[in-house]
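Whenever a hint applies, use it, and build me the whole structure from the sequences.
Mapping to UniProt numbering: the sequence shown position 148 is 148, numbers consecutive.
Just so you know, these hints were derived from the structure itself, not from any lab.
Computed list of lysine-lysine pairs in DSS-like fashion (alpha-carbon distance at most 30 Å, straight line): (1) Lys138 / Lys122; (2) Lys79 / Lys123; (3) Lys123 / Lys90; (4) Lys138 / Lys24; (5) Lys74 / Lys122; (6) Lys32 / Lys122; (7) Lys24 / Lys90; (8) Lys32 / Lys123; (9) Lys122 / Lys79; (10) Lys138 / Lys123; (11) Lys90 / Lys122.
As the structure is a prediction and not an experimental result, all values here were calculated from the model.
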Amino acid sequence: MLGYQSSLVMYDEEYQRIVEGADKLLRESNAKSVFLVDRNGQLIAATGETEHLDTTSLASLTAGNIAATGGLAKLIGEKEFSILFHEGEKDNIHISIVGGRVILVVIFDQRSSLGLVRLRVKKASEEFDRTLEALDRKSAEESGGGDPQNPFAEITDDDIDNLFR
Numbered sequence: 001m002l003g004y005q006s007s008l009v010m011y012d013e014e015y016q017r018i019v020e021g022a023d024k025l026l027r028e029s030n031a032k033s034v035f036l037v038d039r040n041g042q043l044i045a046a047t048g049e050t051e052h053l054d055t056t057s058l059a060s061l062t063a064g065n066i067a068a069t070g071g072l073a074k075l076i077g078e079k080e081f082s083i084l085f086h087e088g089e090k091d092n093i094h095i096s097i098v099g100g101r102v103i104l105v106v107i108f109d110q111r112s113s114l115g116l117v118r119l120r121v122k123k124a125s126e127e128f129d130r131t132l133e134a135l136d137r138k139s140a141e142e143s144g145g146g147d148p149q150n151p152f153a154e155i156t157d158d159d160i161d162n163l164f165r
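What follows is the structure in structure tokens.
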């Protein structure tokens, strides 16, 4: 879903589940670091060796990478490329889209393998997707059943006019 505009409202319980899932993926895939980024380029969670990385730039560039390859996919008749892999001399980056809404980034080196990372990412993505679905349900309940992706959906023009009177 290329045009997905996320305004994730994160609750502590779901955030903790996401961080725990990222930590578990980091351990099980023997990766250097794991990031979750929304499609707008906002960092959701980061774990592992992150102290020497500009995580803000990494998040926005990753979202840009997904957007650019989405354009390439459309040019050849694909919906999107849900998995991207970049191989470097020392480090590799595995990027995947989780549930059409967030981007999962795994940075790994020779201590791991692409096969192991892909296997662990697949399992972790299912967990992240369940957590994000729970987050959507909770947001909908909190907002009285409105659009969970738009925190301003319940505000009317009259409300805005009354505010500035």
